[in-house]
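Trainee: Protein chains in written order, with my numbering: chain A, 6 to 152; chain B, 4 to 122.
Think of the hints as simulated: they come from the structure by calculation, not from any bench. Take the hints with a grain of salt, since some may be wrong.
[To be verified] Rough simulated footprint, nothing fancy, chain A against chain B, three-plus residues with beta-carbon under 8 Å:
| # | region |
| --- | --- |
| 1 | 21 to 34 |
| 2 | 58 to 71 |
| 3 | 74 to 85 |
| 4 | 95 to 109 |
Here a beta-carbon is modelled for each residue, glycine too, at the ideal position from N, C-alpha and C.
Chain by chain, the residues run as shown.
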Amino acid sequence: MPEPNGATSGPVRVSVANDRDEIERTAAAILVKLEARGYSKASIFAIKLAFEEAITNAFKHGHRALEADPPVSVDYEIDDDEVLIAIEDRGPGFDVKEVPDPTLDENLTVPSGRGLMLIRSYMTEVRHNKAGNRVEMIYRKPANSAK
Amino acid sequence: MAEAESRLRINTEAGVTRVEFIDRNILDEANIQAIGDEINGLITVADDPRLLISFRNVDHLSSAALGTLITINNRIREKGGQLRLADIDAQIYEVFVITRLNRLFEIHETTEKAAESFG
Numbered sequence: 006m007p008e009p010n011g012a013t014s015g016p017v018r019v020s021v022a023n024d025r026d027e028i029e030r031t032a033a034a035i036l037v038k039l040e041a042r043g044y045s046k047a048s049i050f051a052i053k054l055a056f057e058e059a060i061t062n063a064f065k066h067g068h069r070a071l072e073a074d075p076p077v078s079v080d081y082e083i084d085d086d087e088v089l090i091a092i093e094d095r096g097p098g099f100d101v102k103e104v105p106d107p108t109l110d111e112n113l114t115v116p117s118g119r120g121l122m123l124i125r126s127y128m129t130e131v132r133h134n135k136a137g138n139r140v141e142m143i144y145r146k147p148a149n150s151a152k
Numbered sequence: 004m005a006e007a008e009s010r011l012r013i014n015t016e017a018g019v020t021r022v023e024f025i026d027r028n029i030l031d032e033a034n035i036q037a038i039g040d041e042i043n044g045l046i047t048v049a050d051d052p053r054l055l056i057s058f059r060n061v062d063h064l065s066s067a068a069l070g071t072l073i074t075i076n077n078r079i080r081e082k083g084g085q086l087r088l089a090d091i092d093a094q095i096y097e098v099f100v101i102t103r104l105n106r107l108f109e110i111h112e113t114t115e116k117a118a119e120s121f122g
C-alpha cells in the first residue's frame with residue numbers, strides 16, 4: 006500500500022553494524038514510516054526508545070562473549086495501528102528471568118540493567134526466542150490515538 | 004592527538020557548576036562515556052561538588068545515560084556533594100518515573116528553582 010510520503014510498506018529486514026551512523030539511519034527509516042502513518046509524538050518517542058535500548062542490548066550484552074562484533078538483524082513492519090520490530094544478535098543469548106528488577110530499592114543506585122524494563126514499559130508486547138538472542142517488540146497504537 | 008570536542012556547556016555561578024547538554028539525543032554509547040568522563044572530572048577537582056544538570060535541550064536519552072547519571076550521583080554523594088537535575092521534558096521525566104529514579108535524584112522543574120535549592 007502506498008504511503009503519503011511514498012515509503013513502501015510490508016516487512017523490512019536490514020543488517021545493522023555496531024556503528025552509530027548506521028543505527029541512526031535505521032532508526033530514521035523507521036521514524037519516517039511512523040510519521041507517514043500518523044503515529045503521535047508520544048508513540049514515536051516510545052518506539053524510538055525501545056529500538057535504541059534493544060539494539061544497544063544486542064551489541065553490548067548479546068555480543069559480549071564474541072571476539073568479533075558482527076552486525077545484528079533488524080526486522081520491522083509498520084502498519085496503521087501496529088508496529089513490529091525484531092532485533093536478533095549473533096550471541097549465545099540470555100535468560101530474561103536472570104535480569105534483576107532495577108526498580109527495587111537495593112538496585113536503584115546500580116548504574117545498569119534498565120534497558121529491558123524500559124522496553125517492556127513502552128511497548129505493548131515483548132517476546133524473546135528460546136535462545137534469548139532475539140527480541141520481538143510490538144507496539145499497538147492506543148485506541149484514542151492520544152498517545 | 005586532538006582533544007575530543009566537549010558535548011557539554013559548563014559554567015559556574017555562586018559555587019554551583021551548571022551543566023547543559025549540547026546534543027538533543029543522549030543515546031550514543033561513546034558520547035555518553037565522554038559526557039560521564041567530563042562530569043567526573045568536574046567532581047574530582049571539587050572539594051564539595053555542587054552540580055546542576057539541565058536537560059533543557061534533551062529530547063531522548065537512553066538507559067546508558069541514566070546509568071551515567073547514577074554513577075555521577077554516587078560519586079557526588081561519596082564526596083558529600085549535592086546534585087540537582089532540572090528542565091526535564093515531560094516524556095523524559097516519565098522515564099525517570101518508570102525506573103523510579105525520580106526517587107533517587109532531586110529533580111526540579113526549572114534551573115532557577117534547582118539553583119535556589121542548594122544548601
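Trainee: Against each hint, give a clear statement of whether it holds in the structure.
Mentor: Going down the list of hints, with the structure as the test:
1. Check on the region 21 to 34 of chain B: 4 of its residues sit with their Cβ under 8 Å from a Cβ of chain A, so the three-residue criterion for coverage holds.
2. Coverage of the region 58 to 71 of chain B by chain A holds [criterion: at least 3 residues with CB-CB distance below 8 Å; count 7].
3. With 3 residues carrying a beta carbon less than 8 Å from a beta carbon of chain A, the region 74 to 85 of chain B meets the three-residue requirement, and the given coverage holds.
4. Closer than 8 Å: that is the beta-carbon criterion, and the region 95 to 109 of chain B has 7 residues meeting it against chain A, so the requirement of 3 holds.
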